[in-house]
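Chains W and B, in that order, are what the protein sequence lines are.
Residue numbers for the first sequence follow our numbering, so the first one is 1 and each next one is one higher.
Residue numbers for the second sequence follow our numbering, so the first one is 1 and each next one is one higher.
A hint or two may mislead.
What the hints assert, rightly or not - Derived CB-CB ranges, DEER-like:
| no. | chain 1 | residue 1 | chain 2 | residue 2 | range |
| --- | --- | --- | --- | --- | --- |
| 1 | W | Asp-87 | B | Val-198 | 49 to 59 Å |
| 2 | W | Ala-103 | B | Val-219 | 49 to 59 Å |
| 3 | B | Glu-70 | W | Leu-64 | 50 to 60 Å |
Said to hold, decoys possible - Taking lysine to any residue and the SDA-like style, the derived pairs with C-alpha atoms no more than 25 Å apart in a straight line are:
| no. | chain 1 | residue 1 | chain 2 | residue 2 |
| --- | --- | --- | --- | --- |
| 4 | B | Lys-85 | W | Ala-73 |
| 5 | B | Lys-141 | B | Ser-167 |
| 6 | B | Lys-85 | W | Ile-129 |
| 7 | B | Lys-85 | W | Ile-77 |
| 8 | B | Lys-85 | W | Ile-93 |
| 9 | B | Lys-85 | B | Leu-231 |
| 10 | B | Lys-85 | W | Ile-65 |
| 11 | B | Lys-85 | W | Ser-189 |
| 12 | B | Lys-85 | W | Arg-81 |
| 13 | B | Lys-85 | W | Asp-87 |
| 14 | B | Lys-85 | W | Gln-154 |
| 15 | B | Lys-141 | B | Ser-170 |
| 16 | B | Lys-85 | W | Tyr-71 |
| 17 | B | Lys-85 | W | Arg-90 |
| 18 | B | Lys-85 | W | Val-176 |
| 19 | B | Lys-85 | W | Ile-66 |
Simulated from the structure, these hints should not be mistaken for lab results.
All of these numbers come straight from a predicted model, not from anything done at the bench.
Glycine included, every Cβ here is placed at the ideal spot set by N, Cα and C.
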Amino acid sequence: MMKRMTLAGVTAALYSLGAQAMAATVAPGGLEAQSVAAAEASGGGMPQLDFGNPLMLAQVVWLLIIFGVLYYALANIALPRVASVLDERRNRIEGDLEAARAAKAEADAAMEAHRAATARARAESQTAIAEATQSAQADAAARSAALNERLSQQIEAAEARINAARDTAMGALREVATDTANALVQRLSGIKNETAVSAAVQRELATQGKA
Amino acid sequence: MAAEGKTIDALSQFELTHAFGPIGAAVNFTQSNAHMLVASVVIVLVMIMGMAPRAVVPGRFQALAETFYEFVENLVIGQVGHEGKRYFPFVFALFMFVLFGNVLGLFPYAFTYTSHIAVTFGLAFLVFLVTTIVALALHGKKFFGYFFPEGAPLWLAPIIVPVEVVSYLSRPISLSVRLFANMVAGHVLLKVFATFVVLLGGLGIVGPLLAVLPLSVNVLLVGFELLVAFLQAYVFAILTSIYLHDAVHLH
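When you get a sec, could you build the whole thing from the sequences and use the hints?
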């Protein structure tokens, strides 16, 4: 007898289970089937649908009171606190971001100033180098010009000296040549004609281009 | 969650009884209301004590309170827009009340007040009243234009208007029945499988071995019910937000 009852209970429960699954997935449609099946299993209706129960109305009245108090407590006490903490955090994060942005701008400005200073220094040094080069070149040019001047003067003087020396040498050469020619002519022929010899030497030297 | 005798009694868990002894009986304070009270106190404590440190970098408890807050805030602002901030405390209270009711009901010996259609309908009707009053307060007579969309041909009015009115009026029903049915189904299933454990456990030597099966099903079911508890609270809150969006923007 006991076993049979158990079996009956299990079958009823299984049937009710199918209805539950339906109710869970399709909701309102399967609900009646569920309540009927469940009613078969337990021998009574769903307590939730027993609207004759005075506790049902009382439950709803208390629900409204409790929910009203909960709403009041949340809206006026709990939630403003959360909001203030979140606002505080947002402001702080924004402030930090602002400070970071300002610091970045400052760093950028410093970087820019540094770059400008570098560029200016480079330009200045470039001009200085150019000026120095120029002055050095001018100096060198002036010195080389002076040197050239002196050298050319020396060359001129040397040339003059050389010319003078050559002239003297040429003069001496005519004399020696004439003397030698006179002596030779005298020794060979015994004739002593200095004027003719001198003219002949003069003529001979001229033809050789050495006068 | 024990079988009463040798039959499966999945529904007596939903029966209302008095709480708080003779004082509760005098004012018809039910165990369902006692659980509402517990849930509400827990909600307020979580929010107030969680935020008590007011830390810029929140600890776990504060992060929990903030997560609840920001989750619902994003939900309301996402659905209603920034003008919906005024209604955020209402949606937040609803979401937390339903969520904590659902989760609290999963504890052994606890009563699930969201498994009572009277409770869910009470909340859904409150939502209905609030959204309708908001719409009337913001738009006055223009609110009734909601039942006849602009640009629709006039001769369709006899069809469109009744359909829109019925769909508007059925909102609290669908909202309440969805939550109620989900919670009832889950708790009946838990109860049925728990009873199987007891019944099979009594079947001689092989009984306890077989009883492991419904027991493991119940373990899985509790996890599933946790998901459903959250999901239904979320659905309740998001539908409320959608209704508020309609009330604020009228389309």
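Numbers of the earlier hints that this structure fails to satisfy, in rising order
Hint check: 3, 6, 11, 14 and 18 fail, others pass.
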